[in-house]
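Asks: Sequence:
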Amino acid sequence: MTELNWRPSASRDMLLLRADFLKKIRDFFCERNVSEVETPILSQAAVTDIQLKSLRTRITGQSIDAYLQTSPEYPMKRLLAAHQLDIYQICKAFRDDEVSRFHNPEFTIIEWYRLGFDHHALMDEVEELLTLLLAHKLGETAERITYSQAFQRTLHVDPLQAPLSALHTIAIERLGANSSSLGTERDTVLDLLMGALVGPTLGNRRITFVHSYPASQAALARLLPTDTRFAARFEAYFCGVELCNGFHELSDPKEQAARFEQDLVERRRYGLHEPPLDARMLNALQAGLPDTAGVAVGLDRILMLAAGKEHISEVLNFAIDNA
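If you count the sequence shown from 1, position 242 lands on 263 in my numbering, and the numbers rise without skipping.
Among the hints, erroneous ones may be present.
Claimed, not checked - What follows is a list of derived Cβ distance ranges for each label pair: (1) Arg53 x Glu164: 22 to 32 Å; (2) Leu37 x Asn304: 35 to 45 Å; (3) Gly160 x Gln83: 48 to 58 Å; (4) Leu37 x Thr175: 22 to 32 Å; (5) Gln307 x Ala187: 40 to 50 Å; (6) Ile80 x Thr247: 44 to 54 Å; (7) Arg53 x Lys113: 39 to 49 Å; (8) Pro29 x Pro246: 48 to 58 Å; (9) Asp117 x Gly261: 20 to 30 Å; (10) Glu149 x Arg289: 38 to 48 Å.
The hints are simulated quantities; they were obtained by calculation from the structure and are not laboratory data. Beta carbons are placed, not taken as given, at the ideal position from N, Cα and C, and that holds for glycine.
Take these sequences, add in the hints, and give me the full structure.
Replies: Have a look at this one:
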């Protein structure tokens, strides 16, 4: 028999810290009367977002192609439409991404939805949970800045109004990017700059919320009624690490279907796999999604920051190279 390392990559202390965090998270939601739910990890549909890559499998007995969830968002929205309850879930999610310091193909998400909340109210609650879990690491209270302010503060450029050529110049000079590989899509360049230059500067000694993303990056968020150039979307950063992605949820089924279709056009353009649309989720929106805000938070990254670990494998019992 080939000798393979059978031992977990996380220490005994990390196992106990994760257990403690799970208890604290469940107590947090119990105190707020938010109900824990379970939804399928395996689905016949998948996300269309071109930034997300789903893992696929085949159920041979039923001749069905299936996808491991990138998050539980779609089935949780079906529950919201049916039962109109505040709900949360702690579950595994899967993405066909690179394995890196902050990425493992299988990871743990805390996702929840709050009726009657907008994205600002949900930021308040996310701050409460992160403060509970990271209190000993925080030196100051949280701050909130817009997406545009984050770019202006770090790169001294307005991400919506700067010429694409100016954004290219920053990527070339600061990151050594190849001009021919940057392409002509503004959001592609903005995503590169946000991930490599802006995000790592955020959350020094305090949680930084970035909100009001460009409308072109709305995903499943509604647009701001006061300025439709921006979306009711936010992310939270601490020590330069992105911890969550939240929305004041889009409830218009026609608009959501149009966004999905546009995603598929983009996937076709880039030669990416085109998954089947989640028609059941769209039908749930058609039936009526209550006014709600939702967020997905990465538990493993919080554990990394809380324990001062440098690599996600140090907080997972079995990372992919040892699974």
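Asks: Which hint numbers does the structure go against, in order from smallest to largest?
Replies: 4, 7
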